[in-house]
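Visitor: Chain by chain, the residues:
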Amino acid sequence: MVATYSDTQQDNLPGAELLSLTGLSLRFRGQINDVVDDVALEVRRGEVLCVVGESGCGKSVTSMALMGLLPADSAQISSGILRIEGEEIDLSSQTLPVSMRGNRVAMIFQEPMTSLNPAFRIGDQIGEAILRHQGGTKPAARARAQDLLQRVGIANPAQRLDEYPHQLSGGMRQRVMIAMALANDPQILIADEPTTALDVTIQAQILDLIRDLRDETGMGTIMITHDLGVVAEIADTVAVMYGGQVVEQGPVAEIFDNPQHPYTIGLMSAMPRLDAPGGRLAIVPGTVPTIANMPEGCRFRTRCAFAAAACVARPALVPVAPDHAVACHFAPLETHVAVLA
Amino acid sequence: MSDVILEARDVVKHFGTGGRFLSRAPVVQAVDGVSLQIRRGETFAIVGESGCGKSTLARLLMRLLTPTSGSVQFDGREVSGARGEALKTLRGQMQFIFQDPFSSLNPRMTVGKLVGEPLEIHAPELSAQARRDRVADLLRQVGLRAEHAGRYPHEFSGGQRQRIGIARALASGPKLIIGDEPVSALDVSVQAQVINLLGDLSRDLGLTLVIIAHDLGVIRHMSDRVAVMYLGRIVEMGRAEDVFAEPRHPYTRALLASIPAMAAPEDHKATVRGEMPSPSAPPPGCRFHTRCPFAEARCASETPVLSTGDDAHAVACHFWRDIAAQAAPPTPPRRSAEAEARFELYRAATEGGTVTHKTATDPQKQTTKTTERI
Ligand SMILES: Nc1ncnc2c1ncn2[C@@H]1O[C@H](COP(=O)(O)OP(=O)(O)OP(=O)(O)O)[C@@H](O)[C@H]1O
Ligand SMILES: Nc1ncnc2c1ncn2[C@@H]1O[C@H](COP(=O)(O)OP(=O)(O)O)[C@@H](O)[C@H]1O
Ligand code: SF4
Ligand code: SF4
Ligand SMILES: [Mg+2]
Ligand SMILES: [Mg+2]
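Protein chains in written order, with this note's numbering: chain S, 21 to 361; chain R, 232 to 605.
Treat the hints with caution; some may be incorrect.
[Claimed, not checked] Heads up, simulated SDA-like pairs for lysine to any residue below, C-alpha to C-alpha not over 20 Å straight-line:
1) R/K319 x R/P338
2) R/K589 x S/A327
3) R/K589 x S/E354
4) R/K589 x S/I311
5) R/K589 x S/T355
6) R/K589 x S/L360
[To be verified] Here are a few chain S residues that sit away from chain R, every Cβ distance over 10 Å (derived from the structure):
7) R47
8) M84
9) S113
10) R141
11) F276
12) A358
[Claimed, not checked] Quick partial rundown of chain S residues pointing at chain R, CB under 10 Å, derived from the structure:
13) G50
14) G76
15) P177
16) A224
17) L248
18) A252
19) I285
20) T307
21) I311
22) A330
23) T355
It is worth saying that the hints were derived from the structure and are not from the lab. Just so it is clear, the structure is predicted and the values come from calculations on it, not from any experiment. Just so it is clear, CB atoms sit at the ideal spot from N, CA and C, and this is done for glycine as well.
All chains should be built: construct the whole structure from the sequences, respecting the hints.
Guide: So, in structure tokens, the structure goes:
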């Protein structure tokens, strides 16, 4: 068994603030616009925050910055404060305290194959992660690796320890990634599209697993996804990103029952529906502009059917309901606009 | 003209049988006895987990693969034996759209050349100018512009590349198009654009579409009929509305229940345990019995046959009647009236409605960065 969340921790009640990020702005060297622009996120203990948006919206880059994985020679973080259990880290220094990595925050990457080393056995890779952060003996690390595999629902864990990544299916690799991430009892798990490449049946199993771990260990989770179905399934809170900015955020029920940003509404309308099939789907016209072509003001205005002159000024993210904030000059739409067919 | 455009009869494809003498590699039973009829003008969907044989079946239907046994007929003619001119005609009438718009287009060819290439084969009589005109028409038909003909695939987004692939498939004037995960690589917003395009084309050109997809929402939206595959066999087949509203096979139920947000969020959705067994060692009897929550002793020895009752909704399960009686099928979530109203407003505005702004903007919202306010 994975040791449950350390009992020596204080403030480990569900709902206590675990991680907060404020004012993260960064750009890749040589670019004229920020690829992540003034992003703020918050995760509480025992909660899953889903970050959702089309590909290229800056979801992965944001999580890399959180993990201290953006090298200073390719990316420049101009501002960003990360508070984690009371400790404050200035991300613009672009050097994270060693204690941050692997221990408090663990990350599962979008491509399991690129983060598992194909040349090493599963057991050795998990064991290595344990030894690196916790020390101890090799046999103890191996025993713990086996426990972890069992914990994430891999059958015959003892046998799997001696196998190589290519011998596992996509779903099993993703479980191994989760097992490795859990090796050091992280307080925060960042999972970048952990189920995107998987079948729905296996996806359901992985989402169940993450939910169980959240309930048992009280860990906070940041789940990055472009799938609103996954959001509805697992999120407690949601941040919708567009063009490197958070355009709407709030509790999951609010986001689905009271979506206010035209981009959020567009994404939801474009999803094929099981209860209302056929006909034409509503669309979000065009595609996300490249960073160089990002418009001034509201970054969504080149694709927004409600854009007006006012939208050349950037709308601030303002509260519209408890914990629910939206960045649109004309939200809620029914109050501000009329549409004649 | 028969109502059926494409028919498979007991088609089998086993890989690894033609190998070296005494080869030890196990035979992969990728497709194992599939029969289906696709009707003219319909959209027919094939769904199932990765590795269940969907792409192999599609290749068999297209005659990109030769079946180990069984027959495929297109417009009443046997496909398996087609050679020479007959094969060329067949290729013109059945086209393929691939999943990956990035790797399926030759990066060194211009869009004009990519879309014009099938014309050179299937309409060699066209002059160069007539061919260029036709390419321009095709590009417009898929929502691109004529001047895009001079550009290369890497200059286009994923959704645009998929449109190029569709224009190329349309060039030979096919009657039927098979799409192997044609929208799976796209973001939901762009996916909606391509789904709409395929819907328009099938309606306007009377095309028959065969769509392979793993996203059940996409399938429900697009298709008239659905076949659910498991380990090389069809386990359920019928009208989409019936299969989705009253799934009969436990595997179909499991697929539906696995769709995120399908029932109350606190439910655990993983109604099937484990993964699909290898198609080189499929379980005896009902191939689903190792994962089926309803399995009984009989299931491990006796293979259920796909049988159509009185209502054209076929299922291969010994106990489907009992199961249907005891467990309600999963249902999609409800949306609030407020959300639905905004979806309507959004749809009206994006479909050409005139938007007027009732209010000036709130100056409070015109602040700049949140950090600067603090
Ligand atoms: N040329 C081949 N030689 C040997 N085995 C093959 C070959 N092509 C496919 N297979 C095997 O046949 C089975 C069915 O494969 P197929 O590609 O049809 O699955 P699929 O349903 O399309 O899966 P996916 O959803 O992942 O695309 C798999 O086990 C696959 O590994
Ligand atoms: N190393 C890099 N150098 C330059 N641009 C990059 C780099 N990594 C990502 N980007 C760009 O940053 C933007 C956001 O990317 P990403 O965070 O990966 O998006 P998402 O995860 O939301 O799909 C994209 O425009 C992407 O092309
Ligand atoms: S601020 Fe203007 S452009 Fe931006 S989402 Fe709102 S209406 Fe659309
Ligand atoms: S035949 Fe038996 S094992 Fe197969 S699906 Fe039906 S109940 Fe399940
Ligand atoms: Mg990403
Ligand atoms: Mg396939």
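Visitor: Compare the structure with each hint and give your call.
Guide: Taking the hints in turn, this is what the structure says about them:
{"no.": "1", "hint": "R/K319 x R/P338", "verdict": "violated (25 Å)"}
{"no.": "2", "hint": "R/K589 x S/A327", "verdict": "holds (13 Å)"}
{"no.": "3", "hint": "R/K589 x S/E354", "verdict": "holds (9 Å)"}
{"no.": "4", "hint": "R/K589 x S/I311", "verdict": "violated (32 Å)"}
{"no.": "5", "hint": "R/K589 x S/T355", "verdict": "holds (8 Å)"}
{"no.": "6", "hint": "R/K589 x S/L360", "verdict": "holds (13 Å)"}
{"no.": "7", "hint": "R47", "verdict": "holds (15 Å)"}
{"no.": "8", "hint": "M84", "verdict": "holds (20 Å)"}
{"no.": "9", "hint": "S113", "verdict": "holds (17 Å)"}
{"no.": "10", "hint": "R141", "verdict": "holds (21 Å)"}
{"no.": "11", "hint": "F276", "verdict": "violated (7 Å)"}
{"no.": "12", "hint": "A358", "verdict": "violated (5 Å)"}
{"no.": "13", "hint": "G50", "verdict": "violated (20 Å)"}
{"no.": "14", "hint": "G76", "verdict": "holds (9 Å)"}
{"no.": "15", "hint": "P177", "verdict": "violated (14 Å)"}
{"no.": "16", "hint": "A224", "verdict": "holds (4 Å)"}
{"no.": "17", "hint": "L248", "verdict": "holds (7 Å)"}
{"no.": "18", "hint": "A252", "verdict": "holds (3 Å)"}
{"no.": "19", "hint": "I285", "verdict": "holds (5 Å)"}
{"no.": "20", "hint": "T307", "verdict": "holds (5 Å)"}
{"no.": "21", "hint": "I311", "verdict": "violated (14 Å)"}
{"no.": "22", "hint": "A330", "verdict": "holds (4 Å)"}
{"no.": "23", "hint": "T355", "verdict": "holds (7 Å)"}
In this structure, the earlier hints numbered 1, 4, 11, 12, 13, 15, 21 are contradicted, and the remaining ones agree with it.
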